[in-house]
Amino acid sequence: MDEKDLRSLAELLSSDKFPQRVETASKLRESLSPASLLSAWRDPAQAEVLQSLLSEAQSVRNLDVLEVIGESLVKLLADQTSGLAFIALDSTLRVPQFIFNVIADEDLELTTLFRSAFVALLELAVPAAIAERLGEMMDGIFEKEKVLRLFDCDAADSAENARIYSYLSAHTRLIDSVISATSGAFEVGDPLLLVNNLMVCGIIGRHRPLPRALLDNIQDSLEAPEGDLLTHFVCRFCSIVLLQHEENAQGFADLWVPRAVRIAEASSDEGTLDAAFDLMGSAATTSTGWRVLMNYLPSDRLLRLLTSLSDSLRLSALRFLHTLLRSAWMEPAGVPSSLIKEAWKLRTVYDEGVRYEVWAVALAVIRRGVLSDSMPLLYAAFLSGVHSEISAEVRELQQMAARELLNDATLPEPMKLSLVQFNRRGLYPPGSAGVANLRKD
Numbered sequence: 029m030d031e032k033d034l035r036s037l038a039e040l041l042s043s044d045k046f047p048q049r050v051e052t053a054s055k056l057r058e059s060l061s062p063a064s065l066l067s068a069w070r071d072p073a074q075a076e077v078l079q080s081l082l083s084e085a086q087s088v089r090n091l092d093v094l095e096v097i098g099e100s101l102v103k104l105l106a107d108q109t110s111g112l113a114f115i116a117l118d119s120t121l122r123v124p125q126f127i128f129n130v131i132a133d134e135d136l137e138l139t140t141l142f143r144s145a146f147v148a149l150l151e152l153a154v155p156a157a158i159a160e161r162l163g164e165m166m167d168g169i170f171e172k173e174k175v176l177r178l179f180d181c182d183a184a185d186s187a188e189n190a191r192i193y194s195y196l197s198a199h200t201r202l203i204d205s206v207i208s209a210t211s212g213a214f215e216v217g218d219p220l221l222l223v224n225n226l227m228v229c230g231i232i233g234r235h236r237p238l239p240r241a242l243l244d245n246i247q248d249s250l251e252a253p254e255g256d257l258l259t260h261f262v263c264r265f266c267s268i269v270l271l272q273h274e275e276n277a278q279g280f281a282d283l284w285v286p287r288a289v290r291i292a293e294a295s296s297d298e299g300t301l302d303a304a305f306d307l308m309g310s311a312a313t314t315s316t317g318w319r320v321l322m323n324y325l326p327s328d329r330l331l332r333l334l335t336s337l338s339d340s341l342r343l344s345a346l347r348f349l350h351t352l353l354r355s356a357w358m359e360p361a362g363v364p365s366s367l368i369k370e371a372w373k374l375r376t377v378y379d380e381g382v383r384y385e386v387w388a389v390a391l392a393v394i395r396r397g398v399l400s401d402s403m404p405l406l407y408a409a410f411l412s413g414v415h416s417e418i419s420a421e422v423r424e425l426q427q428m429a430a431r432e433l434l435n436d437a438t439l440p441e442p443m444k445l446s447l448v449q450f451n452r453r454g455l456y457p458p459g460s461a462g463v464a465n466l467r468k469d
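Just so we're aligned, residue 29 is where the sequence shown starts under this note's numbering, counting upward by one.
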């Protein structure tokens, strides 16, 4: 396929006509299949055509074309045989450079599209000389805050993050650079740089010891918070470091958890409050952290938040309560019954997010056997009643709770039959008969 044909397909992929777009996407995927890419890269003229397509797709930010390119590169690079063969042909490393440039782009949607291709590239067992060239390329592209694009900060403990850290640590200067920049930002009081770098430093701290000077700055920020924004991200940093990391919890939980409790007690900023609870919740995912947290659990503060008129404050408290109930280290007596009962009072509030978290808490209570002498009956009675839930997401949690309650030997049989009927109605809106009542003929 020549350049004109490829460009024509790329243009048609942006057509307003859906059937035409589907057909065109299929043709473009075929043209960019692993076999086609390998074949094209062996022909200098064809390789030049494809390189032109890559450059043009990125420069005009054609997401439809870039999505197809990203999918094709994942298929190519995820296979060690085809991936290594392709990299050997791509002597100028044009495709890796393209992937890095897209990941570093200001458009976060592009970063998402090419993240899988980026990880697949790093997992290739390339020769040391090529790995060194890739590392040098990344040093130039991901300088300063752009290194943030390389990690998934919403999944701090993911295997992908561990793999990316390992590669960067072995083949680039980026890890040392971001640590140094973060320490420097504390010294000069640069909050913007700190906000960008603290998340990455948290992930790094899961894999190697951090400098004492940086940890001292973190501790100082927890002891004497300076502004909600910085406090928010310092707490997020601590949360990432502690999440399901027993060794880190042994080193830091005693230092950080009491300060997080103090911040949660004093702060009226919703973001800061969420971040402080997030820190405590991460501590609760470890044995050491749970033990420390139980000595400082801010039950009175949680109770005040649950009874507040602010839906966002209620959400903060409910999410934290849910985190506690899901902890592998939780003991039935570890969570005050007053919190669980107060959370249940929010089951009919207007805010869908609050109702969702109420049922997330309820489901955790049922599964963990907390207050098994009273709460299951209340949950079952509600589900057996005339209440209607308009949210499919909330209703899905309700159905999960109903199925769990069917295993409760203390519930009367008539109530269990009502729970079965509730589940048969499915995720249909109020007033719908559901699939259970549809005629079969």
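Any given hint could be a false lead.
[Claimed, not checked] Calculated pairs, DSSO-like style, for lysine-lysine (alpha carbon to alpha carbon, straight line, at most 30 Å):
id: 1; residue 1: Lys55; residue 2: Lys172
id: 2; residue 1: Lys103; residue 2: Lys55
id: 3; residue 1: Lys444; residue 2: Lys373
id: 4; residue 1: Lys55; residue 2: Lys174
If you're looking for bench data, these hints aren't it; they were derived computationally from the structure.
Now the hints, each set against the structure:
Between Lys55 and Lys172 the CA atoms are separated by roughly 39 Å; this puts the pair beyond 30 Å, and the hint is violated. This hinted pair checks out: Lys103 and Lys55 have alpha carbons roughly 16 Å apart, not beyond 30 Å. Proposed proximity of Lys444 and Lys373 is supported: the alpha carbons are some 23 Å apart, at most 30 Å. Restraint check for Lys55 and Lys174: the C-alpha separation of about 34 Å exceeds 30 Å, so the hint is violated.
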